[in-house]
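> Line by line, the protein sequences give chains X and R. The working numbering numbers the first residue of the first sequence as 1 and each following residue consecutively. The working numbering numbers the first residue of the second sequence as 47 and each following residue consecutively.
To be clear, the hints were calculated from the coordinates, so they are not data collected in a lab. Don't take each hint at face value.
Beyond 10 Å from chain R on every Cβ pair, some chain X residues (computed) [as the list claims (entries may be wrong)]:
no.	residue
1	Ala26
2	Val29
3	Ala34
Residues on chain R that point at chain X, a partial pick, calculated with CB under 8 Å [as the list claims (entries may be wrong)]:
no.	residue
4	Leu56
5	Pro57
6	Asp59
7	Ile90
8	His91
9	Ile93
10	Thr97
11	Tyr158
12	Ala160
To give an idea of the chain X side of the interface with chain R (calculated C-beta under 10 Å), a few residues [claimed, not checked]:
no.	residue
13	Met21
14	Leu31
15	Val32
16	Ile37
17	Lys39
18	Gln41
19	Ile42
Only a predicted model underlies this, so the values are computations on that prediction, with no experimental measurement involved. Virtual Cβ for every residue (Gly too), placed ideally from N, Cα, C.
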Amino acid sequence: MTDNDSTDLIRARQRSRARIMGLLLAAFVILVFAISIVKMQIGHSG
Amino acid sequence: MTTTTASIALPADWRDFLALTKPRVMTLVVFTGLCGMLAAPVPIHPILGFTAILCIALGAGAAGALNQWYEADLDAKMKRTQGRPLPAGRMDRQSALHFGVGLACFSLALMYFAINLAATLILAVSILFYVFVYTIWLKRRTPQNIVIGGAAGAFPPLIGWAAATGDVALFPALLFALIFLWTPPHFWALALFVKTDYANAGVPMLPVVAGEKTTRTQIGLYTLPMVAAAIAPWPLGLTGAIYGWSAVLLNAIFLGLVAQVALRRSGEGDAMVPEKRLFKYSIFYLFLMFGALVVDRWLA
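Modelling step: build the complete structure from the supplied sequences, incorporating the hints.
And the structure:
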């Protein structure tokens, strides 16, 4: 394997990890938003 | 230039991080946690219920990752675990440690802010118990490792119940006892047919240390209190007839399979069919017992 090949492989691996991390962070933001709404509803009804 | 060190410098793939969490083990953990939550007398909002189950799954994943971080040397010696990310050289140990600790802290913080303190504390105890008591302290030292360590896997129904109610009662404690007492027959059945693997790795599993005869007897002895704990909620009035009759039937089959294992002796080149059958059934057994519990509570 050449240096160029290994650099490409590392970049591809980093890109795929960054993509997954981005998706997980987006999902987390949506979850926190949903939890906040539910907590406010429970607070109002309680 | 050839780069023999490329695999070391290469960042681990996200699939390897997923493999660190032991997704197959997590399935049973999530299912029993969900059933504990659904069996609770207080309903929980679906979003909060989902969050609690997510926290249980992440906590179990963190414990699995830390277990693989600590046991990388053992895993490399056993056929069953040689392909895991650390022994296979696809990830460095520090990444696994950081991932495990980070995931544990995240699951606990989310559980505390979204659910309640009781569920958070039980989740914390289960992670710490699995990592420190089972993995680090007991596993390499005593053949009773999975007897005491089995408690770590018994916490999810308690956490699910606590997430819904904010406390712990007799019923989830019986569910804890059921999984706790189910663990020895389940793992010793496995240990009987992968004995050589454990012996090569130097893990003092009961068949390696005390021999097959003792292990078979112990499987029988642990099954009796397990059956009692499984059926107890029915006569105690905590469940209805659907759970009760399901428990009677499923435990009768379990006892039958255990009797086959407990009363036989293996010979040279034995295929260990009854042991493999008991191991497979024990997994279905737990799924069906908890499934019956939820159906019973919902129809009651």
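> Work down the list of hints and note, for each, if the structure agrees.
Here is what the structure says about each hint:
Even its closest Cβ contact with chain R, about 15 Å, leaves Ala26/X beyond 10 Å, as expected for a residue assigned away from the interface. The beta carbon of Val29/X sits about 13 Å from the closest Cβ of chain R, which is more than 10 Å, so the claim that it is off the interface holds. Its beta-carbon lying about 5 Å from the closest one in chain R, Ala34/X breaks the requirement of being farther than 10 Å from that chain. Because the closest C-beta pair between Leu56/R and chain X is about 6 Å apart, less than 8 Å, the hint holds.
For the restraint placing Pro57/R at the interface with chain X, the shortest Cβ-Cβ distance is roughly 5 Å, inside the 8 Å limit, so the hint holds. Residue-level restraint check for Asp59/R holds (minimum Cβ-Cβ distance to chain X is 6 Å; threshold 8 Å). The closest approach between the C-beta of Ile90/R and any C-beta of chain X is roughly 10 Å, which is over the 8 Å cut-off, so the hint fails. Nearest Cβ of chain X to the Cβ of His91/R: about 5 Å, under the 8 Å cut. The hint holds.
Interface restraint check: Ile93/R against chain X, minimum CB-CB distance 5 Å, threshold 8 Å, status holds. Satisfaction of the interface hint for Thr97/R is found here, the shortest Cβ-Cβ separation to chain X being roughly 6 Å, below the 8 Å cut-off. Nearest Cβ of chain X to the Cβ of Tyr158/R: about 12 Å, over the 8 Å cut. The hint is violated. Because the closest C-beta pair between Ala160/R and chain X is about 5 Å apart, less than 8 Å, the hint holds.
Checking Met21/X against chain R by beta carbon gives a least distance of about 8 Å; that is within 10 Å, so the hint holds. Against a cut-off of 10 Å between C-beta atoms, the interface hint on Leu31/X holds, since the closest Cβ of chain R lies about 7 Å away. At a threshold of 10 Å, the smallest CB-CB gap from Val32/X to chain R is about 8 Å, leaving the interface hint in force. For Ile37/X, the interface hint holds, since its Cβ comes within 10 Å of a Cβ in chain R; the closest pair sits about 8 Å apart.
Among the interface hints, the one on Lys39/X holds; its C-beta lies about 8 Å from the nearest C-beta in chain R, closer than the 10 Å criterion. With 10 Å as the threshold, the beta carbon of Gln41/X comes within range of chain R, its nearest partner Cβ sitting at about 8 Å, so the hint holds. Checking Ile42/X against chain R by beta carbon gives a least distance of about 7 Å; that is within 10 Å, so the hint holds.
In this structure, the earlier hints numbered 3, 7 and 11 are contradicted, and the remaining ones agree with it.
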